[in-house]
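**Q** Construct all of the structure, not just a fragment, from the sequences and the given hints.
Taken in order, these protein sequences are the chains called W and F. Quick note: the first sequence uses this note's numbering, first residue 8, plus one each step. Quick note: the second sequence uses this note's numbering, first residue 2, plus one each step.
Which residues of chain W face chain F? A partial, calculated answer using Cβ under 10 Å: (1) V106; (2) P108; (3) T157; (4) V184; (5) W185; (6) M187; (7) H188; (8) S191; (9) H192; (10) T193; (11) V198; (12) K201.
Since the hints were made in silico from the structure, they are not lab data. This structure is a prediction, so every number in the text was calculated from the model and none was measured. Quick reminder that beta carbons are idealized off the backbone N, C-alpha and C, glycines included.
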Amino acid sequence: MKVLIIEDERKTADYLQRGLTEQGCAVDVAYDGIDGQHLAVHYDHDVIVLDAMLPGLSGFELLRSLRAVKNTPVIMLTARDGVEDRVRGLRDGADDYLVKPFSFVELFARLQALTRRGRQQEATLLRVGGLTIDLIARRATRDTQRLDLTAKEFALLALLARRQGEILSKTTIAELVWDMHFDSHTNVVEVAIKRLRAKIDAPFTAPLLHTIRGMGYVLEERGASA
Amino acid sequence: MKNVAPAPEAQALRRQSIALRLALMFSAVALTVFALIGFAVHELLSRDLARHEQEQVADRIADLRFMLERGRTPELIDRVHDKIAAVTSNGRTRYWLWSDDPVWRYGDEAGRMAQITRAQPGILLLKVAPGQEQLAVLGTDIAATPVHPPLRLVAAIDTAPINQILRTFEIWLLPVMLCGALLVAALSYRVARVGLRPLAQLSADAQDIGPDNRGQRLRMPALPLELAELGSSFNSALDRLDSAYTQLESFNADVAHELRTPLANLIGQTQVALSRERDAAQLREVLQSNLEELERLRTIVSDMLFLARAERGERAARRIRTSLAREIDKTVEFFDVLLDDAGLQVRVEGDANAAIETSLFHRAVTNLLQNAIQHAPRGARILARIDATNERARVSVSNPSQAIPTEQLPRLFDRFYRGDASRPNSDANHGLGLAIVKAIASMHGGRVFAQWEAGITTVGFTLGHPDK
Numbered sequence: 008m009k010v011l012i013i014e015d016e017r018k019t020a021d022y023l024q025r026g027l028t029e030q031g032c033a034v035d036v037a038y039d040g041i042d043g044q045h046l047a048v049h050y051d052h053d054v055i056v057l058d059a060m061l062p063g064l065s066g067f068e069l070l071r072s073l074r075a076v077k078n079t080p081v082i083m084l085t086a087r088d089g090v091e092d093r094v095r096g097l098r099d100g101a102d103d104y105l106v107k108p109f110s111f112v113e114l115f116a117r118l119q120a121l122t123r124r125g126r127q128q129e130a131t132l133l134r135v136g137g138l139t140i141d142l143i144a145r146r147a148t149r150d151t152q153r154l155d156l157t158a159k160e161f162a163l164l165a166l167l168a169r170r171q172g173e174i175l176s177k178t179t180i181a182e183l184v185w186d187m188h189f190d191s192h193t194n195v196v197e198v199a200i201k202r203l204r205a206k207i208d209a210p211f212t213a214p215l216l217h218t219i220r221g222m223g224y225v226l227e228e229r230g231a232s233a
Numbered sequence: 002m003k004n005v006a007p008a009p010e011a012q013a014l015r016r017q018s019i020a021l022r023l024a025l026m027f028s029a030v031a032l033t034v035f036a037l038i039g040f041a042v043h044e045l046l047s048r049d050l051a052r053h054e055q056e057q058v059a060d061r062i063a064d065l066r067f068m069l070e071r072g073r074t075p076e077l078i079d080r081v082h083d084k085i086a087a088v089t090s091n092g093r094t095r096y097w098l099w100s101d102d103p104v105w106r107y108g109d110e111a112g113r114m115a116q117i118t119r120a121q122p123g124i125l126l127l128k129v130a131p132g133q134e135q136l137a138v139l140g141t142d143i144a145a146t147p148v149h150p151p152l153r154l155v156a157a158i159d160t161a162p163i164n165q166i167l168r169t170f171e172i173w174l175l176p177v178m179l180c181g182a183l184l185v186a187a188l189s190y191r192v193a194r195v196g197l198r199p200l201a202q203l204s205a206d207a208q209d210i211g212p213d214n215r216g217q218r219l220r221m222p223a224l225p226l227e228l229a230e231l232g233s234s235f236n237s238a239l240d241r242l243d244s245a246y247t248q249l250e251s252f253n254a255d256v257a258h259e260l261r262t263p264l265a266n267l268i269g270q271t272q273v274a275l276s277r278e279r280d281a282a283q284l285r286e287v288l289q290s291n292l293e294e295l296e297r298l299r300t301i302v303s304d305m306l307f308l309a310r311a312e313r314g315e316r317a318a319r320r321i322r323t324s325l326a327r328e329i330d331k332t333v334e335f336f337d338v339l340l341d342d343a344g345l346q347v348r349v350e351g352d353a354n355a356a357i358e359t360s361l362f363h364r365a366v367t368n369l370l371q372n373a374i375q376h377a378p379r380g381a382r383i384l385a386r387i388d389a390t391n392e393r394a395r396v397s398v399s400n401p402s403q404a405i406p407t408e409q410l411p412r413l414f415d416r417f418y419r420g421d422a423s424r425p426n427s428d429a430n431h432g433l434g435l436a437i438v439k440a441i442a443s444m445h446g447g448r449v450f451a452q453w454e455a456g457i458t459t460v461g462f463t464l465g466h467p468d469k
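**A** The structure is reproduced here in structure tokens:
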């Protein structure tokens with residue numbers, strides 16, 4: 008995935024660059040609106056991370072001039088979450104927005120969602136380690152043993168399996184499994200994960216569902232050392 | 002009386018003094034009343050004078066009629082002449098006598114006068130000759146007697162003196178009325194100034210109130226009845242400002258306190274970690290712990306910004322009309338695992354369609370349910386109720402709980418308010434959960450309420466009409 012970051016706050020731009028590079032992205036960085044506009048218009052990127060407040064040329068102006076020539080997906084970063092800013096950004100053609108302070112996991116998840124949009128038909132049979140999830144029959148098995156899951160547990164497992172190897176924050180999980188679009192400060196997701204883990208991992212030797220403290224959860228097969 | 006500094010000229014012109022206005026209004030009223038009285042007196046007087054006139058003419062007729070009807074002496078005509086001469090000597094009375102016998106005639110144009118009075122019975126007002134005074138004239142027939150033939154007797158009196166009385170009244174009426182009105186204006190101005198003294202005292206009291214003595218209020222007992230309401234409204238406005246001010250002060254302190262704990266943890270554990278050589282696993286442990294604290298800070302800041310937006314009067318913009326029961330069911334479903342763990346059950350009752358921004362509505366209901374789950378005893382039933390009352394939907398969540406003192410109920414919605422001071426600081430909502438419910442209600446044009454009755458706590462909010 009080729010990402011362009013346009014952000015004047017150096018510390019933010021640098022950690023985003025490092026984080027995204029480590030996630031396997033090719034990253035370009037511009038520290039002001041003029042450079043950003045040049046890079047955005049003359050080079051092709053899969054997605055652009057655009058700060059709303061920039062020196063030289065504001066994020067909104069840049070977005071408008073960019074939309075005149077191409078449709079690269081754009082995620083706006085705003086410091087203010089007033090309705091006006093959001094509406095303005097989305098009206099001017101932003102595909103998504105994040106309000107500072109945002110979490111890196113959240114940003115990465117959104118970037119993936121934006122680039123995944125409209126991509127190929129997804130698989131209906133997912134496999135992680137010995138775990139098999141049949142999305143059509145709505146059935147999960149591990150090592151031929153049928154797992155008895157509730158509807159929500161299945162939805163949760165399917166989400167984790169579809170995004171295997173990717174860290175999913177509690178907010179993302181709440182949004183995609185329960186359709187709760189806000190930061191709920193509840194431990195619903197923690198408890199749900201604990202219950203799911205009891206069913207899919209506890210009876211087996213190698214755990215697949217891992218907690219990344221402070222960030223979220225990931226479903227993947229790890230070597231014996233993990 | 003305390004003198005108020007004189008206002009600049011232009012301002013004084015634009016702003017009328019109450020005393021002046023009262024004086025002008027009172028004198029206008031006085032002028033009207035005087036005019037009415039003057040008119041009535043004039044009417045009475047002129048009617049009375051007319052009657053007086055009539056009586057006088059009738060008396061003149063009666064004087065001679067008696068003589069002419071009863072007189073039997075042959076010299077009657079001479080006595081009549083003498084009598085007429087005596088009566089008319091003042092020049093105000095005149096007589097005419099007419100008959101076929103020229104001996105029994107008296108006065109110039111007696112024949113014409115007899116004719117005129119015959120044609121129009123009753124009192125006539127006429128001028129006998131141009132340029133002369135107006136006369137009140139009355140005529141009568143006197144039957145024949147052995148001494149004289151049938152006679153026509155006509156008497157008249159000069160109306161000038163009587164009219165003069167009316168004229169004098171009319172001339173003096175207007176100036177007297179105007180003088181009276183001026184007197185009323187002057188007196189009522191004085192009276193109004195005295196009457197308005199409590200206002201000056203009120204203003205002096207109000208001027209004494211400042212940021213340094215916020216607690217001071219207007220002295221109510223000193224205020225007259227009419228100003229008491231103004232005074233008490235003013236005082237209660239001050240009370241509201243005062244409590245908002247106090248709340249803001251304590252709120253700033255609360256924010257600082259809430260942020261201080263995670264900040265202290267961050268600084269402390271980072272310093273401890275860096276003071277020795279640590280292996281990667283230990284450093285990872287510190288970073289993870291830091292991340293948790295930072296997450297906590299982020300949550301507080303985001304929630305504070307959310308509350309600030311609501312306080313600035315931001316309204317829910319993307320409202321759609323939907324079934325509230327369905328949205329509450331979704332939220333309850335979200336809590337399934339927690340409810341199961343706590344051995345609680347939620348029943349959703351009633352339904353209403355209302356225009357809501359669903360993510361905000363979910364957030365409010367989530368906070369209400371979370372609050373109920375925290376306080377309900379194990380195995381209890383939680384009731385989520387939707388009532389629709391004239392264009393307003395009402396959502397409430399009830400759960401069995403310990404008693405909450407009535408005075409604490411409205412404070413439940415205060416930021417960082419914790420009814421139970423001993424509750425741990427790492428509380429999931431940082432004491433902002435119900436404050437956020439209140440903010441969401443106000444973004445939907447509604448309000449929050451809380452009550453405790455017979456072991457059941459009910460907390461909820463209303464949703465206003467989207468157009469309001």
